[in-house]
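Trainee: Produce the entire structure from the sequences given, and follow the hints as far as they go.
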Amino acid sequence: MDERCKALWEKLSAALKPQVSTDTFKRWFSAVELTKATEDSLTFRVPNNIYQFWIESNHMAALQSAIISAVGAPRTVRFLSSTESDNENNFGTPEVQKSDHSSSKTTGLGLGLNPRNTFESFVVGPNNQIAHAASLAVAQAPARTYNPLFVYGGVGLGKTHLMQAIGQYVWAKRKTSRVMYLSSELFINEFIDAIQHNTLVKFRKRYRQAGLLLIDDIQFLAGKERSQEEFFHTFNTLFDGHKQIVLSSDRPASEIANLEHRLVSRFEWGLTAELQPPDIETRLAILRKKARALQINLHDDVYQFLAVRIRSNVRRLEGALMRVASFASLSGKELTQETIEHLLKDILLEEWRQTVTIEQIQRKVAEHFDVRLADMTSKRRPASIAFPRQVAMYLARELTKASLNEIGDAFGGRDHGTVLHACKLVKKRMIEQDNIRQTISFIDSALQR
Amino acid sequence: MKFSATKEKILEGLQQVQNVVSTRTTLPILSNVLLQAKEGTVNLTTTDLDVGVRGGFEANVDKAGATTLPARRLFTIIRELPSSEISVEVDGKNAASIRSGQSFFKILGLPEEEFPPLPKFENAKVVTMRQKDLRDGLRKTAYAISTDETRYVLNGVLFSYKENKLTLVATDGRRLAMVDLELEFPRSHEADIIVPTKAVTELARLLTDDGDVKISVGTGQIAFDLNSTLLVSKLIEGNYPNYKQVIPSEAKERITLERETFLNSLRRVSLLASDKSNSIKLSFSKNNIEITANTPEVGEARESLPVVYKGRDFSIAFNPEFLMAPLRNLADDEIFFDLIDEMSPGVLKIQTPFLYVLMPMRVSA
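As you go down the protein sequences, you meet chains H and E in turn.
Just so you know, we're using our numbering here: the first sequence kicks off at 89 and counts up by one.
Just so you know, we're using our numbering here: the second sequence kicks off at 1253 and counts up by one.
Take these hints with a grain of salt, some might be off.
[Unchecked claim] In the EDC-like style, the derived pairs of lysine to aspartate or glutamate whose C-alpha atoms are separated by at most 20 Å in a straight line are: (1) K99/H / E127/H; (2) K290/H / D1302/E; (3) K290/H / D1400/E; (4) K293/H / E1401/E; (5) K114/H / D1593/E; (6) K105/H / E1594/E; (7) K261/H / E1489/E; (8) K290/H / E1401/E; (9) K114/H / E1594/E; (10) K293/H / D1424/E; (11) K290/H / D1300/E; (12) K114/H / E1502/E; (13) K105/H / D1593/E.
[Stated by the list, open to error] Listed next, with one range per pair, are the computed distances between beta-carbon atoms: (14) D1400/E / A95/H: 31 to 39 Å; (15) L437/H / D1400/E: 53 to 61 Å; (16) R380/H / E1374/E: 25 to 33 Å; (17) E98/H / A1503/E: 29 to 37 Å.
If you're looking for bench data, these hints aren't it; they were derived computationally from the structure.
Backbone N, C-alpha and C define an ideal beta-carbon position, used for all residues, glycine too.
Mentor: Structure representation (structure tokens):
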């Protein structure tokens, strides 16, 4: 207690004493300490939570009027209780402490938090540095730094991991704060449930009293108007109450279709951090860390191979590692490149599909039909060039996620109609002529290697 | 599976377990009851993942087996059936055919495997006590449980095993109820656990006057074995507040009251205590208590009660509901009301170890 607080507390006590009985004052207020006094709030430290409960329930009016007479205006009153340590002194058999400790873990689980998802197990690379730093800052000082924190990024890049890490960090540090972690889908379901059973008040109370609200996959709120409205109010209440909010999404807030503007603007209010696919070094680091955690021991080449071949998604990377490791331990065979490739056939195929570029397709097709790569983008259109170009467009349409316009652009600034026509034409000819179908499936499989 | 039984037996069995059935629709299997038929009995189990109850009823089991059926629906059907003899047959697809007299019902269930198993208790600490004692103890405390979900450690009854005593405590921050029960157990069993409200309510319903209850405390969970029924529940995580802090050390005045007379007077007077100023005033003077309630623009009520009282004259106000709750749940004829002054908490006591601390309300001028 610094000098100023001490003086203020003396003034407060003097104003409080005539309002409560001597016994009450001795029992409840003699152990209270004023630790922080700001323009609009006073923070009191109490020995344990019974003080908070009892003063809040019974002596708040007296305390407030004492505050008014001491400082001239009402203040928000907060309590800090050092419950943990104190209760251990009171109920201090070692056994209780032990069961307490294990119980804290189960509650972490009860919150829906996976104990494996902590900051320690998160591999930081240039791709996720900002998101990680922001999350850590939020966890260390909820609602002080970035509020709300909005994390977005593709599938399996660690959004959930970061959010759960925040949740567990805060939960482990302050048992008293109410951490709520849930997906927006659960939020919507419970909201619907609440409407159905007419328990909206309970629902609101539940969410608006959270100390830290973590909502995963917020993009699912899109198009759900009433849920959005409900969430909007929850958001405002928490934000105004200086409670931390963390949201995650698979795309930036502004790109979530059918999300109300007032929500979008609020999501962008605090800090927005993007998670990008990890680079090769980070992927290697992730693999090694995971291997160590699972006590897997594999040759360096295997890690290298996996890191090079699987780029887009950390979850997939870990899945592949698990698969290879379990194969190695079950079969006891030496892992060669072929066995791994065979083992991970589907994953690699999927991976390749995502990483194949239009340029690769053009190159392969040009090579196959023996035309120049430049012909793919040129304006010339004799049949010997036009057809391979159409095949390339068709493959680009089938194998990449590029839009018709993007494909058109990649083929020398053609418009989307041209691309669409090419696709239709090739499809038609594939049905009519066997040899064309064979050619195309040959190029397709050549691209997959 | 196939069995037949009397309507009363089945209803009784279902009544024991059906309150637990989850009202949340997120997991459909939780609104079902698990039926397991074998050797003359059908076991019934329900759970909402926090609390689970297993009971059963006697039946002629023609074919053993298990399935799950929607609990509420099954209950309403059985209740409405006209004749006493009921036969139930479940096919391989978990569709149950219920026959009774001229009635036939077919309801669709879910496979047994989907039903979450009740937790196992290994290395649990077990104590046994009389059902009657536990039921009385819970009855004397449970009404004081807090319903404020932000104070989740208070949303249940504290079971404190210490020095061969089981202390039950419930509080909501304005009042506190506590009971001590004598109980023999080894020192290693000493612990403080919080049993959630739902489990307490169900337990109070299931406990009977006869027989023993076996209480097993495991990590984060508790089981109450009542021979024919079993209730398991998760425990509330966290530390229960140091309730001893609340109990006033000494009383200035002790008033002995007849419980029922006092309760009836309070009940009558409280009719004119409004929701807003929900308080009734007790004014003590020589050998008399005057109980008054006053609501502006509505009216007032007054009743006096002769008592033995020799202390100073003073008035104290309480929330009538909070004052009546323990009186309703106690069985004793005589209660003691300990008071200090108008701003200090009042304490209700009886001959046996029981304590109810109640904060007074501020009397406006």
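Trainee: All hints are to be evaluated individually against the structure, with a verdict given for each.
Mentor: Results for each hint:
As the CA atoms of K99/H and E127/H are separated by approximately 17 Å, the hinted pair is consistent with the 20 Å bound. Proposed proximity of K290/H and D1302/E is supported: the alpha carbons are some 19 Å apart, at most 20 Å. About 10 Å separates the Cα atoms of K290/H and D1400/E, which keeps this hinted pair within 20 Å; it holds. Simply put, K293/H and E1401/E have alpha-carbon atoms about 8 Å apart, close enough for the 20 Å limit, and the pair holds.
A C-alpha spacing of about 15 Å is found between K114/H and D1593/E, which places the hinted pair at or below 20 Å, so the restraint holds. Proposed proximity of K105/H and E1594/E is supported: the alpha carbons are some 15 Å apart, at most 20 Å. A C-alpha spacing of about 16 Å is found between K261/H and E1489/E, which places the hinted pair at or below 20 Å, so the restraint holds. A C-alpha spacing of about 9 Å is found between K290/H and E1401/E, which places the hinted pair at or below 20 Å, so the restraint holds.
A C-alpha spacing of about 16 Å is found between K114/H and E1594/E, which places the hinted pair at or below 20 Å, so the restraint holds. For the given pair, K293/H sits about 17 Å from D1424/E by alpha-carbon distance, which is consistent with the 20 Å threshold. Between K290/H and D1300/E, the direct Cα distance comes to roughly 18 Å. Compliance with the 20 Å bound is thereby established for this hinted pair. For the given pair, K114/H sits about 14 Å from E1502/E by alpha-carbon distance, which is consistent with the 20 Å threshold.
Taking the CA atoms of K105/H and D1593/E, the gap is near 15 Å; set against the 20 Å cutoff, the hint holds. For D1400/E paired with A95/H, a C-beta distance near 34 Å keeps the hint of 31 to 39 Å intact. Our hint of 53 to 61 Å for L437/H and D1400/E holds, since their Cβ atoms are close to 56 Å apart. Evaluation of the 25 to 33 Å hint for R380/H and E1374/E yields a pass: the beta carbon distance comes to about 32 Å.
Distance hint for E98/H and A1503/E: a CB-CB separation of about 31 Å, consistent with the stated range 29 to 37 Å.
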